[in-house]
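Trainee: Sequence:
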Amino acid sequence: MNTPLPIRALIVEDEPLARQTIRDFVAGEGWLEIIGEAADGYEAVRLIDGLRPVLVFLDIKMPGLTGLQVLQRVKHEPQVIFTTAYDDHAVTAFELEALDYILKPFGRERFRRSLERVQRRLIGTGEIGEPSLLERASRAVAEKPPEHLLRLFVRDRRGRVVRVRVDDITRLVGADDYVEVYADDTSYLVNVTLTEFERRLDPQHFRRVHRSAIVNLDHVVSCKPIERRLLLKLSDGAEVIASRNGSQHLRELFV
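According to our numbering, the stretch in the sequence shown is residues 19 to 273, in order.
All the given hints hold, so there is nothing to weed out.
Straight-line alpha carbon distances no greater than 30 Å define the calculated DSS-like cross-link-like pairs of lysine-lysine that follow: (1) K93 with K122; (2) K79 with K93; (3) K122 with K79.
Keep in mind the hints are simulated off the structure, nothing from the lab.
With the hints as constraints, model all of the structure from the sequences given.
Mentor: The structure is reproduced here in structure tokens:
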């Protein structure tokens, strides 16, 4: 799972107070972002498959479907932390390889230990005495972020977390809720929309040339007119055809 932005999490709880408690505890974690909430099992299925969160805080006993039934129905498979007032499902929870099983009411310290499990499972720890990549990235996120992205932390095809400098990105190609990021003669699949990248990248260097592609202007080595469009050749040898509207904006930049 690629995470150039904070890890996306969903809260599934039928109790408003429990949802608020989780929100409050997550608020101090710069590497974790709550992207939605569900108050019953059926809504949980819809949001898990629709939003595709990396992590779900999941109550077990809820109206409609139980938390266990929710996991049986969803197509997307997130990491799960069970939150419940009952301990009679703990064995089942760990058979399902849940990250943790928290009994309500829980305090901040117990919740913090659970989040540490999230970090170990998703990224792993570094060498002894050294912070993991996620921890280093999280510290940067927790600080005041720059106006535009400077680097990404993503998984390569071998599952390793690597750092990609934004300056090294030649282009980004979107498909649904995923983006293929091309840099250093390789590519990385990221679970972020192209529109979100467009919002976070510096427009002085990155331009959306058509609906499904953003190019790094610093890596454009030539452009060739084709009817009313421009064919862009990039430093990695790739070619991208800009839309008519995108071509018009590029002409204004290149003149």
